[in-house]
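> Take the given structure of chain E and dock chain S to it, following the hints.
Read top to bottom, the protein sequences are chains E and S. Each residue of the first sequence is one higher than the one before, counting from 1 in our numbering. Each residue of the second sequence is one higher than the one before, counting from 1 in our numbering.
Treat the hints as calculated values from the structure; they're not laboratory data. Careful, some of the hints might be misleading.
Stated by the list, open to error - Among the chain S residues that face chain E by a calculated CB cut under 10 Å, a handful are:
1) P108
2) E169
3) H228
4) V246
5) L258
6) I259
7) P260
8) G261
Unchecked claim - In the DSSO-like style, the derived pairs of lysine-lysine whose C-alpha atoms are separated by at most 27 Å in a straight line are:
9) K177/S x K336/E
10) K249/E x K336/S
11) K249/S x K249/E
12) K368/E x K256/S
13) K336/S x K177/S
14) K256/E x K368/S
15) K256/E x K368/E
16) K336/S x K359/S
17) K28/S x K113/S
18) K92/E x K427/E
19) K249/E x K368/S
20) K249/E x K265/S
21) K336/E x K278/S
22) K368/S x K278/S
23) K177/E x K187/E
24) K249/S x K113/S
25) K336/S x K113/E
26) K336/E x K28/S
27) K265/E x K177/E
28) K249/E x K278/E
29) K265/S x K249/S
30) K278/S x K265/S
31) K249/E x K28/S
32) K368/E x K177/S
33) K187/E x K249/E
34) K28/S x K278/E
Claimed, not checked - Computed Cβ-Cβ distance ranges for the label pairs, DEER-style:
35) G124/S x K256/E: 56 to 64 Å
36) A267/S x I365/E: 32 to 40 Å
37) P438/E x S364/S: 52 to 60 Å
Keep in mind it's a predicted model, so treat the numbers as computed, not measured. All C-beta atoms in this analysis are idealised placements derived from N, C-alpha and C, irrespective of residue type, glycine included.
2 protein chains.
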Amino acid sequence: MSVTVTETTAAAVEFAKTNGKQFVEELKELLRIPSVSTAPEHRDDVRRAAQFCADELTRIGMEHVELIETATVDRPGGHALVYAEYLQATGKPTVLCYGHYDVQPAEPLDEWKSPPFEPTERDGNIYARGAVDDKGQMWMHVKAIEALMVAGHGVLPVNLRVILEGEEEVGGEGIAKFVREHGARLKADVALVSDTEMFAPDLPTLCVGLRGMIYTEIEARGARTDLHSGMYGGAAPNPFVALAQVIAKLKDEDGKILIPGFYDKVAAPTVAELQAWKALPFDEEEYREAEIGSSALTGEPGFSALERTWARPTLDVHGMPGGFVGSGAKTVIPAKAVAKVSLRLVPDMTPAESFAQYKSFVESICPKGIQLEVRLIHSGDPIVVSTDNEYVRAATESMREVFGKETVFVRGGGSIPIVGDFVRELKTPTVMMGFGLPDDNLHAPNEKFHLANFHRGIESIIRFLAKVGAA
Amino acid sequence: MSVTVTETTAAAVEFAKTNGKQFVEELKELLRIPSVSTAPEHRDDVRRAAQFCADELTRIGMEHVELIETATVDRPGGHALVYAEYLQATGKPTVLCYGHYDVQPAEPLDEWKSPPFEPTERDGNIYARGAVDDKGQMWMHVKAIEALMVAGHGVLPVNLRVILEGEEEVGGEGIAKFVREHGARLKADVALVSDTEMFAPDLPTLCVGLRGMIYTEIEARGARTDLHSGMYGGAAPNPFVALAQVIAKLKDEDGKILIPGFYDKVAAPTVAELQAWKALPFDEEEYREAEIGSSALTGEPGFSALERTWARPTLDVHGMPGGFVGSGAKTVIPAKAVAKVSLRLVPDMTPAESFAQYKSFVESICPKGIQLEVRLIHSGDPIVVSTDNEYVRAATESMREVFGKETVFVRGGGSIPIVGDFVRELKTPTVMMGFGLPDDNLHAPNEKFHLANFHRGIESIIRFLAKVGAA
Numbered sequence: 001m002s003v004t005v006t007e008t009t010a011a012a013v014e015f016a017k018t019n020g021k022q023f024v025e026e027l028k029e030l031l032r033i034p035s036v037s038t039a040p041e042h043r044d045d046v047r048r049a050a051q052f053c054a055d056e057l058t059r060i061g062m063e064h065v066e067l068i069e070t071a072t073v074d075r076p077g078g079h080a081l082v083y084a085e086y087l088q089a090t091g092k093p094t095v096l097c098y099g100h101y102d103v104q105p106a107e108p109l110d111e112w113k114s115p116p117f118e119p120t121e122r123d124g125n126i127y128a129r130g131a132v133d134d135k136g137q138m139w140m141h142v143k144a145i146e147a148l149m150v151a152g153h154g155v156l157p158v159n160l161r162v163i164l165e166g167e168e169e170v171g172g173e174g175i176a177k178f179v180r181e182h183g184a185r186l187k188a189d190v191a192l193v194s195d196t197e198m199f200a201p202d203l204p205t206l207c208v209g210l211r212g213m214i215y216t217e218i219e220a221r222g223a224r225t226d227l228h229s230g231m232y233g234g235a236a237p238n239p240f241v242a243l244a245q246v247i248a249k250l251k252d253e254d255g256k257i258l259i260p261g262f263y264d265k266v267a268a269p270t271v272a273e274l275q276a277w278k279a280l281p282f283d284e285e286e287y288r289e290a291e292i293g294s295s296a297l298t299g300e301p302g303f304s305a306l307e308r309t310w311a312r313p314t315l316d317v318h319g320m321p322g323g324f325v326g327s328g329a330k331t332v333i334p335a336k337a338v339a340k341v342s343l344r345l346v347p348d349m350t351p352a353e354s355f356a357q358y359k360s361f362v363e364s365i366c367p368k369g370i371q372l373e374v375r376l377i378h379s380g381d382p383i384v385v386s387t388d389n390e391y392v393r394a395a396t397e398s399m400r401e402v403f404g405k406e407t408v409f410v411r412g413g414g415s416i417p418i419v420g421d422f423v424r425e426l427k428t429p430t431v432m433m434g435f436g437l438p439d440d441n442l443h444a445p446n447e448k449f450h451l452a453n454f455h456r457g458i459e460s461i462i463r464f465l466a467k468v469g470a471a
Numbered sequence: 001m002s003v004t005v006t007e008t009t010a011a012a013v014e015f016a017k018t019n020g021k022q023f024v025e026e027l028k029e030l031l032r033i034p035s036v037s038t039a040p041e042h043r044d045d046v047r048r049a050a051q052f053c054a055d056e057l058t059r060i061g062m063e064h065v066e067l068i069e070t071a072t073v074d075r076p077g078g079h080a081l082v083y084a085e086y087l088q089a090t091g092k093p094t095v096l097c098y099g100h101y102d103v104q105p106a107e108p109l110d111e112w113k114s115p116p117f118e119p120t121e122r123d124g125n126i127y128a129r130g131a132v133d134d135k136g137q138m139w140m141h142v143k144a145i146e147a148l149m150v151a152g153h154g155v156l157p158v159n160l161r162v163i164l165e166g167e168e169e170v171g172g173e174g175i176a177k178f179v180r181e182h183g184a185r186l187k188a189d190v191a192l193v194s195d196t197e198m199f200a201p202d203l204p205t206l207c208v209g210l211r212g213m214i215y216t217e218i219e220a221r222g223a224r225t226d227l228h229s230g231m232y233g234g235a236a237p238n239p240f241v242a243l244a245q246v247i248a249k250l251k252d253e254d255g256k257i258l259i260p261g262f263y264d265k266v267a268a269p270t271v272a273e274l275q276a277w278k279a280l281p282f283d284e285e286e287y288r289e290a291e292i293g294s295s296a297l298t299g300e301p302g303f304s305a306l307e308r309t310w311a312r313p314t315l316d317v318h319g320m321p322g323g324f325v326g327s328g329a330k331t332v333i334p335a336k337a338v339a340k341v342s343l344r345l346v347p348d349m350t351p352a353e354s355f356a357q358y359k360s361f362v363e364s365i366c367p368k369g370i371q372l373e374v375r376l377i378h379s380g381d382p383i384v385v386s387t388d389n390e391y392v393r394a395a396t397e398s399m400r401e402v403f404g405k406e407t408v409f410v411r412g413g414g415s416i417p418i419v420g421d422f423v424r425e426l427k428t429p430t431v432m433m434g435f436g437l438p439d440d441n442l443h444a445p446n447e448k449f450h451l452a453n454f455h456r457g458i459e460s461i462i463r464f465l466a467k468v469g470a471a
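Just chain E, same shape as in the assembly:
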């Protein structure tokens, strides 16, 4: 059996190499679909992307391919899940492959060197919104499965379920509900998620922890209608000034969040984990210069940059819609303004408790003459996953074969809400094997995916799936 698997693996790897250019062309087709899940005007595009993935899963030989609707009366904007399975590998483990076909908005458009939805190859990279997050990485799964399917003449060495969602960038509520209500349909021995990044170029990486989040809006209302600041300035409350006062009270200048009780549940990483982080090839000054490019790093004193971004909660403001934002001058005191504020959470914080603390504190510091409304837009649980199991070993072995290096274990500062649901609801061990690079401009203009990593990712996944099947 092992020989057969090895032969199948070799044939699959060979197929992937031979067809690498074709895989990229297919990915480009998918990247051309502006499946921006947060934008109602792109609803049809999101649907098209789902159908594109479903069609390809059908074409490569997956079974029971289905678009599962998540829109309901309460949630009319829900985007479909794409499901596919192969359950003919009797007695073998089942791998749940997860990815998402939705993308972040592309704004600001004028900062893209090539248009966000016209994928363009430059310097060994493919540039497009979603190139690495997550269409490119999701496509690695599909292509690895195709390669194994071709190599095995329609027989896979492992059982598979594939679940793709279209709401990852807006909180993943649809898939979360599906997992809660129909978890059995995603029953698997291990989940494979490729939506994270490598710690450094050529350094195979598994992500073993993610921050959670609450994404909120604070709406401040003052006067009944927009007012002329000349006539009313000095008497009418200003919603932007009020929001500034609130934000300045939420986080001190060192980056410590001032919400009472907010840090109570924060669990420190283990000593072993902290030591492993110190051994990573990471230089804060280089990180500041090369990745961030600001005059200084910010954040809580007494914690390293990795601790601050992986294991400490944070607060960020993403935009403050309202008032006059055109060029030039308009002397308006707007009736209302909004701050889009997110807070990242770490184990063992919970979104529900953290949001309650936040909302209560914001309301308690409401400035005079202003009415505040604090809204939760979406949330995700923070998680840490176990590294002591056969699936993690299969992953590290696969990547060693491809990269010739030992895998490092890191955490991610971002959120992949579904991973929390897999762990919490399905009790499924999750392997987060990602192939992005730190400078891939996730969520920013000029998002890219290094094509070498796209191909290495496909080979790593072929090997991983084969190893799990051979175990």
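Structure of chain S alone, referenced to chain E:
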């Protein structure tokens, strides 16, 4: 002569009454031109509005009508001045009639009950952007002149110069430069400005003081590019949080501005003026409820609302462009964000000194990891004008004849930059006789002009011009 003037006045008033509807139709034509001076995309519209005014001044018999270019290499966006004169009334005083044909942006468009550039009559008002500020009030001047011209069979009882600008809403730099360089062309005994409001319906009002202003932008830059807040939150500086911290330090929660030295030059109103203000029909609670509609008024303790809006400096934030402002969620730490901040000034503050104090203070409180750029967009001087002269008496008599009431003297919280220039550069006494109402929604959605006041304004101006000529 006095009899002739009285007869001319009566005939002119009669003409204005007979043609009132026609005047409104003409005004509507002007209001349909979206002459938003701050918006480069409306440059042609601004020009069209200028030409519209020039054509009408020519048609009614004014002489030497001219569009005076203000655009230069350094200021390519400058909008033309419209000039016209009638200087045949030998031995008579010269009145300089000032108005502006540009308007504020109309955003937010969805809050208008009828489209901002489709003037609509409702409940005795005309609704449109610029209805009262200042196209409608400027049109009162033009129509008063026309009425006198018709009544006098082409002969006016007074000398006139008319100067209309297209940059009042963006700081009036073009006319200011013209006044500095070609002041002699605007030489007059008195300037008449109708760009202010009546203190209450049916209460004739002269404005005798205006706040000045500095309109600024603070641009905060953190990271080199937009970053994912999950990956970088806790290490990357957030420009919105930085701006919030800066704004919260510029003004305390009572509304006191914290810029060192900012209040040093503030001149208190005279005891007589303060007493007159106390006698005005004004109730702070009613003002809060009816005009502002917020849960409380804000501003410095120890000063009445009239003092705070007329005679105390203030700080307002008008908008904070940058980042993600769409619906839904985007987890971005933007590379930059901007706060549009204006400060109102009162006598004897100066824009130059106040801006220097502000800029220096903002730079001194720049948050860690952030680079701030403080830009002056435009400015205007605060002014107070004398009330003890024959022109003010002519104005109060004219309005008594129309309204049957004594005139009240008030100040305005807003800025009309050119008035400072008339006073300072030309030493021209200025009569600010305005006919707007406090609820006319200047600079806000649903701007309107009460049509009765449009007609009373025309009659008041006819009488004023005739009286100045008869003096």
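> Are the hints correct? Go through all of them and say.
Results of checking the hints against the structure:
1. Evaluation of the P108/S hint against chain E yields a held restraint, the C-beta minimum of about 8 Å falling below 10 Å.
2. Hint status for E169/S: holds, given a least beta-carbon distance of 7 Å to chain E, under 10 Å.
3. Taking 10 Å as the C-beta cut-off, the interface hint given for H228/S holds, the closest approach to chain E being about 4 Å.
4. At a threshold of 10 Å, the smallest CB-CB gap from V246/S to chain E is about 8 Å, leaving the interface hint in force.
5. For the restraint placing L258/S at the interface with chain E, the shortest Cβ-Cβ distance is roughly 12 Å, beyond the 10 Å limit, so the hint is violated.
6. Below 10 Å, beta-carbon pairs count as interface contacts, and I259/S has none with chain E, the closest being about 14 Å; its hint is therefore violated.
7. With a least beta-carbon distance of about 19 Å to chain E, the hint placing P260/S at the interface is violated under the 10 Å criterion.
8. With a cut of 10 Å, the hint placing G261/S at the interface with chain E is violated, because the nearest CB-to-CB distance is about 19 Å.
9. For the proposed pair K177/S and K336/E, the alpha carbon gap of about 36 Å is over 27 Å, so the pair is violated.
10. A hinted pair counts as satisfied when its Cα atoms are at most 27 Å apart, and K249/E with K336/S qualifies at roughly 21 Å.
11. For the given pair, K249/S sits about 11 Å from K249/E by alpha-carbon distance, which is consistent with the 27 Å threshold.
12. With a CA separation close to 14 Å, the supplied pair K368/E and K256/S stays within the 27 Å bound.
13. A C-alpha spacing of about 33 Å is found between K336/S and K177/S, which places the hinted pair above 27 Å, so the restraint is violated.
14. This hinted pair checks out: K256/E and K368/S have alpha carbons roughly 14 Å apart, not beyond 27 Å.
15. Distance hint between K256/E and K368/E is fulfilled; the C-alpha atoms sit about 25 Å from each other, no more than 27 Å.
16. With a C-alpha separation of about 18 Å, the suggested pairing of K336/S with K359/S holds against the 27 Å cut-off.
17. This hinted pair checks out: K28/S and K113/S have alpha carbons roughly 17 Å apart, not beyond 27 Å.
18. Note on K92/E and K427/E: the hinted pairing holds, with a Cα-Cα distance of about 19 Å set against a maximum of 27 Å.
19. With a C-alpha separation of about 17 Å, the suggested pairing of K249/E with K368/S holds against the 27 Å cut-off.
20. Between K249/E and K265/S the alpha-carbon distance is near 32 Å, which puts this suggested pair outside the 27 Å criterion.
21. Restraint check: the Cα-Cα separation between K336/E and K278/S comes to about 31 Å, which exceeds 27 Å; the hinted pair is violated.
22. For the suggested pair K368/S and K278/S, the alpha carbons sit about 47 Å apart, so the restraint of at most 27 Å is broken.
23. At most 27 Å may separate the alpha-carbon atoms for a hinted pair to count; K177/E and K187/E meet this at roughly 15 Å.
24. Taking the CA atoms of K249/S and K113/S, the gap is about 38 Å. The hint is violated against a cut of 27 Å.
25. Between K336/S and K113/E the alpha-carbon distance is near 18 Å, which keeps this suggested pair within the 27 Å criterion.
26. The suggested pairing of K336/E with K28/S is violated, with an alpha-carbon distance near 30 Å, which exceeds 27 Å.
27. A distance of roughly 26 Å separates the Cα atoms of K265/E and K177/E; the hinted pair therefore holds under the 27 Å criterion.
28. Restraint check for K249/E and K278/E: not satisfied, since their Cα atoms lie roughly 33 Å apart, outside the 27 Å limit.
29. About 21 Å separates the Cα atoms of K265/S and K249/S, which keeps this hinted pair within 27 Å; it holds.
30. For the hint linking K278/S to K265/S, the alpha-carbon distance of about 24 Å falls within 27 Å, and the restraint holds.
31. Between K249/E and K28/S the alpha-carbon distance is near 49 Å, which puts this suggested pair outside the 27 Å criterion.
32. Of the supplied pair hints, the one linking K368/E and K177/S is violated, its CA atoms being roughly 42 Å apart against a limit of 27 Å.
33. For a cut-off of 27 Å, the pair hint linking K187/E to K249/E is broken: about 45 Å separates their Cα positions.
34. Between K28/S and K278/E the alpha-carbon distance is near 72 Å, which puts this suggested pair outside the 27 Å criterion.
35. At roughly 58 Å, the beta-carbon separation of G124/S and K256/E lies within the given 56 to 64 Å, and the hint holds.
36. At about 35 Å, the beta-carbon gap between A267/S and I365/E stays in the expected band of 32 to 40 Å.
37. Evaluation of the 52 to 60 Å hint for P438/E and S364/S yields a failure: the beta carbon distance comes to about 34 Å.
The structure is inconsistent with the numbered hints 5, 6, 7, 8, 9, 13, 20, 21, 22, 24, 26, 28, 31, 32, 33, 34, 37, although it conforms to all the rest.
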